[in-house]
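K.L.:
Sequence:
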Amino acid sequence: MTATTFRRAYGRGHSYTLDGEPKIKGVTTMMKGLGGPPESYFTKFTAGHAVDNWDRLAALPPSARLEEIAGATKTRFSAAAVRGTEVHRLAERLAKGEEVSVPDHVRGHVEAAVQFLDDYDVQTTCTEAALFSRKNKHAGSADAFGTAQKPHAAGRTSILWDWKTNASGPWGSVAFQFAGYSFSDFMLSGDGGKNSEEVPLPPVDECWCVWLRADGYDVYPMHVDESVYRQLLYIDQCRMADADCMNYKGDALPHPESVRKVRLADVQEVTA
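Start counting at 1 in the sequence shown, then tack on 126, and there's your number in the numbering used here.
Everything labelled a hint here was simulated from the structure, so no lab data went into it.
Treat the hints with caution; some may be incorrect.
Lysine-lysine pairs mimicking DSS-like chemistry, simulated, CA-CA at most 30 Å apart [unchecked claim]: (1) K276 - K151; (2) K261 - K158; (3) K149 - K276; (4) K375 - K151; (5) K276 - K170; (6) K222 - K151; (7) K170 - K222; (8) K151 - K263; (9) K261 - K151; (10) K170 - K151; (11) K222 - K375; (12) K263 - K375; (13) K263 - K170; (14) K261 - K320; (15) K149 - K375.
Simulated restraints, written as ranges between beta carbons of each label pair [what the hints assert, rightly or not]: (16) G146 - G342: 25 to 33 Å; (17) T251 - D311: 33 to 41 Å; (18) Q241 - T154: 25 to 33 Å.
C-beta: ideal position from N, C-alpha, C; glycine also.
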């Protein structure tokens, strides 16, 4: 039994404690504000929603019309997040060799996960592993470790992989997420509960981002080394500095009224 704990709550993220310190930062938190879609991605979707629903929106009161258009992108991402959570949950069970019942609205994504596991003859070592770094005080939940058939070559390779279900495909910043996982100091055995023990990470030769879609999948190998990990730590420092700098601003100084009055008197004397 250790002082290291991990709590999982699908749909609400994860929380971690380490050596009695509550809620240490997660790897994905360290990356916040980095590497997302360009602004045009959001503005184009919002404008498209307005054009596609023009007649219906025109019949609404102006305030209701504005609220729907302004919230169109958030609504889309909220729905995508719910779907992604469900796909992750089912894909995790499939990776462990379990049988699952698949709802129709995510059937294509789940079939893509099955196809990936079959095509690469993936053998899973562990899923949803809770990973920790004592040195840099961060944690994360890796989708899966295992081995796979090498693409276009004989033999097998040890992999750490992460499922992605976003509409536009994975961004290069996923490498930072993998770096946080790969350079963790240890992981928790079993389900990460209070009776788990600290154990070494499984070997990793390659980090694969597996993009699941309703019509198939793609595998993107990610470049991950110590320099990428250092960049993640720098990014986290910038994130914290951006939040902390609000505390660096003091209150406005009071106007020096006595000096101001003297100067005004001088001006008045000269003009007279």
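K.L.:
Now look at each hint and say whether the structure bears it out.
P.N.:
So, going through the hints one by one against the coordinates:
At roughly 34 Å between alpha-carbon atoms, K276 and K151 are farther apart than 30 Å, so this suggested pair is violated. Proximity of K261 to K158 is assessed by CA-CA distance (about 21 Å); at most 30 Å being required, the pair is judged to hold. Between K149 and K276, the direct Cα distance comes to roughly 38 Å. Violation of the 30 Å bound is thereby established for this hinted pair. A hinted pair counts as satisfied when its Cα atoms are at most 30 Å apart, and K375 with K151 qualifies at roughly 25 Å.
Between K276 and K170 the CA atoms are separated by roughly 39 Å; this puts the pair beyond 30 Å, and the hint is violated. Distance restraint check for K222 and K151: the Cα-Cα separation of roughly 28 Å lies within the 30 Å cut-off, and the hinted pair is therefore satisfied. Distance hint between K170 and K222 is unfulfilled; the C-alpha atoms sit about 40 Å from each other, more than 30 Å. A hinted pair counts as satisfied when its Cα atoms are at most 30 Å apart, and K151 with K263 qualifies at roughly 7 Å.
Taking the CA atoms of K261 and K151, the gap is near 13 Å; set against the 30 Å cutoff, the hint holds. Between K170 and K151 the CA atoms are separated by roughly 33 Å; this puts the pair beyond 30 Å, and the hint is violated. This hinted pair does not check out: K222 and K375 have alpha carbons roughly 52 Å apart, beyond 30 Å. With a C-alpha separation of about 28 Å, the suggested pairing of K263 with K375 holds against the 30 Å cut-off.
Taking the CA atoms of K263 and K170, the gap is about 39 Å. The hint is violated against a cut of 30 Å. Distance hint between K261 and K320 is fulfilled; the C-alpha atoms sit about 22 Å from each other, no more than 30 Å. Pair hint K149 plus K375 holds up; C-alpha atoms about 27 Å apart against a cutoff of 30 Å. A hinted range of 25 to 33 Å is violated for the C-beta pair G146 and G342, which are about 46 Å apart.
Roughly 18 Å separates the CB atoms of T251 and D311, a value that falls outside the hinted 33 to 41 Å. Roughly 26 Å separates the CB atoms of Q241 and T154, a value that falls within the hinted 25 to 33 Å.
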